[in-house]
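Chains as they are written, first to last, in the numbering used here: chain E, 848 to 1661; chain F, 38 to 207.
Calculated from the structure, these hints are not laboratory results.
It cannot be assumed that every hint is accurate.
According to the in silico footprint, chain F covers these stretches of chain E (three or more CB under 8 Å from chain F) [to be verified]:
(1) 1129 to 1135
(2) 1356 to 1369
(3) 1572 to 1585
Below are the EDC-like pairs computed for lysine to aspartate or glutamate, each with C-alpha atoms no more than 20 Å apart in a straight line [said to hold, decoys possible]:
(4) E:Lys1098 <-> F:Asp194
(5) F:Lys174 <-> F:Asp162
(6) E:Lys1098 <-> F:Asp75
Here are the computed distance ranges between Cβ atoms for each label pair [claimed, not checked]:
(7) E:Leu1004 <-> F:Glu56: 49 to 59 Å
(8) F:Gly126 <-> E:Pro1467: 37 to 47 Å
(9) E:Leu1249 <-> F:Thr127: 45 to 55 Å
The structure displayed is predicted, hence computed values, not measured ones.
Beta carbons: idealized from backbone N, C-alpha and C, even for Gly.
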Amino acid sequence: MTAEQLTRPAATFTGRSVRRKEDDRLLKAQGEFGDDTPLARPGYLVFVRSPYASARITRIDTSRAAQVPGYLDALLPAEVEELTDPFMELQPPPGDAEVDRCLASNGVVRFVGEPVVAVVADSREAARDVAAAVVVDYEPLPHVVDARVAIEESAPLVHEQVGTNVAFEATYDWGDVDFALANADHVVEVDELHFHRFSSTPLECTAITAEYDAGTDSFTFTGGFATPQLAVLNLVGALRHPASRLRVVSKDFGGSFGVKINNHIPATAAGLLARRLGRPIRWTETRTEHHYAGGHGNERWFRNVKLAVQDDGTVLGVTYDALDDIGAYSRYEPLGAVIWTQVANACYQFKHVKVRYRSVYTNKGPVHPNRGYSRMQHMWLVERMMDLAARKLGFDPVAFRLQNYVQPEQYPYTTVNGCVYDSGDLPRSLRTALDLIDYTGARALQEQARGTGRRIGIGIGSTLDSGTNNFAQARLLNAHIPFSGNTEGGLVRIGADGSIYATTGGVAFGQGHETTVAQVVADLLGVTYDEVHVQRGSDSSLSAQTGFSGSYASQFAVTGIGAIRNAALKLVREVQLVAAATLGATPEEIELHGGTARVITDPERALPLAAVAGIVHFSPAELPPAVADEVGLVGRAVYRAPFELPDLERKYGNLTLTYATQVHACVLEIDEETGEVSILRYAAVDDCGTPINPMIIQGQVHGATAHGISAALFEHFGYDADGQLSAANFYDYHAATAADLPSFAYGNVVSPSPFTPIGAKGMGEGGGAPLHAICAGIQDAVGEDGIVLESFSPPERVLRLLRGHNLEKARVTR
Amino acid sequence: MSTDEDPHTITVSVDGQVEEAVVAPRTLLVHWLRDALDKRGPKIGCDTGNCGACTVVWDGLLVKSCMVLAAQVDGGSVRTAASLCGSDGTLNRLQQCFSEHHALQCGYCTSGMLMTAEDLLDSGDELTEAAVRRGLKGNICRCTGYHNIVKAIRAADGQDVDQDAGEHEG
């Protein structure tokens, strides 16, 4: 603690860039990640995986494997079918006929890397040897790896019993896009755009430890579980075990970015084996396994895209057909089919939006939610179309966006589908971003570079980061899903010696929740930041959690902090009751300040919090019985986001509480000979309302920026015609290194949310702004020579763009 | 006659402590450090030597411990990130700079980053931004975008990094 912190009065930690509580243990190599915890008598689990995209399993022989020294057990698909129930499916018929288990089901494999057998041995090495000795015979079946082919009548079915490869289909029709297109001054049409497949690929792959205690017939699962109570529900359903005897714990967690949300699936296999063997089971996913089966981001085709534009530059609306390639299992999908509608308008004042959306099975790795989940794909499409329309119709790209943005005075702004954008200042955000890249200077640089073999391009990406879901949106895909609204829990208590403890229902994987929780609690309790002890990770058996607890959908600053704040306020009330009774005042006359509860008008009359704790915990007879009966020095509270049920018929209603904005701008250079793209300048302007810790916010912006740039230029989960993944390790899947990236200029605008407890908005996902900005920058550099219709721009594609790529796919029809 | 299967007895100084152990010939240094000694500095983030999360120093040389066999380090000395702070737990200058400049989020790459950064700081090279970025090429971070890591290392080198932060109020 610094001297400054010690002498500073209370109510000063929130809003400051205090150093993180998490840092000390992590910097000293004393964190506890999934594979760190030593175990007594561990069994190591390894999955035997499918080498085929689609095949019938004709024989499994584990007899040789059982002879390998160290062998303990092998779990087969038939046993899983007998011992477990399939995981819950969200989609209505016919997609609900899909069967998803922890090992390949119904005798077939559906993607390369799908687990077929789970073996256990007494060392890591032995487990690999055992897995290598398992013989599985396959009879290859026809497969499909392209969603556009998968929707054809003749396509092989990924799930025979579903009877179609379309897992879910819906048409969203708000306003009257057909009228707008028929009457607009101009229509810009594009045949097809493609948002490619990638993921945030957290550096720690998944590690799960399953323990079964026979004495209490209870399971404990330790690992990264981003939604602990939903993980419990999934596990108890699969394992047919009571929730009261199943616990899910997370400690330090090496990144998730959404993709680890389905860890209950491999955990089910580990749980079965832990119970059967009576020893703890550790599964440590390898990088290659993570790339095969750990979850990809949604790949999406946009076809028959039309944008209606007026002579004066007003954009009226957009329409397209979406094919969302979800891979072989739906899992969290088809929620992506509704999640995008949180940002149906993107950043713009559209009046008409019509989308036919299909979630399509293919024989590829399943998609999981990934940073920017489903909104990023739609906003990329909108930004590409805005960019193309400006170019094709001769509008200035900056003025065109400024004119069509939702304007600062229009907030709260209701979108075409009833979502309410809470606050923001997009024009100011864009101007700030352009200042940071020296837009005028960059245009001059662009002119100078002409004819030198280097092309300079300037790109803009405007996005929203919608946060705090209304879970009722799940009813838009299946009216029978009994979800609505959103809550989070928090617990703050004072221990016997006066120590202060805080527990949040959220699950951190790098976002610094221990820090921001301590900042808020310290201010409300009138103590220093260092005096607040925040529980690391999460534990489903602790009462802080609610059903929706967890970290997803950019919400902690609203839900997690809102709950902790409510809990701390309850605790303050209890302290006031005790202090008032002891000091001879009314509770309303007591304030918490400097580690004491004191009388506001007579601060000399004060009780240290340790004394309050001492009375409550050890000397309750000193208190009036009514106070002693009421006070336990535990504040447990819930934050409830104010939502209503949407109109399912019209698919209309507010689906998210807050909308942070990210406006990015870049200057990039293309080498005409190699097609290589270098980023010369990069600016990210963030607006997430009232900040709790600006340093952490900036860190999240940097991270999302790096993910987006890397995805746009380097990262691609491509599949070849045989259905083999072409990027199953960090050689072939190039996650950007420090040498690939520039420093980022950061700017911020603060538009407090009128809807949240302290004006903060959830943030961190970033809306994929760099993908939009880089595609626009490449387009700007390429000029009229080609059209950027793919989100992924490796050098070979950039070279094609310089030679007319896609020119035939886009046109102005009026 | 020894075969490929025979275990090796090794004696290694790890973070200043002499360790004797019997290891299988194929045991990787990273697995021995983690599983036998509970050293949590070296982490595993890939199977291919790309990510650098397992970076340690072996006899003064910066190595990825997934690319070295435990049997190879017999008679040598290995330092992990656990050795960086003072014996009383005080963070060293680089660690302090990492915290001050928010150069870590989930913390999984951090130990490897610190080892590589210490090596850069010891190299005597002029640590321009480009030099630091080149030096970090073998360490992947998926959280920070490297911006603050580069800044923290340059700060630990004694450079005034707050000037070029590019922060801007809109």
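Index of numbered hints that the structure contradicts, given in increasing order
4
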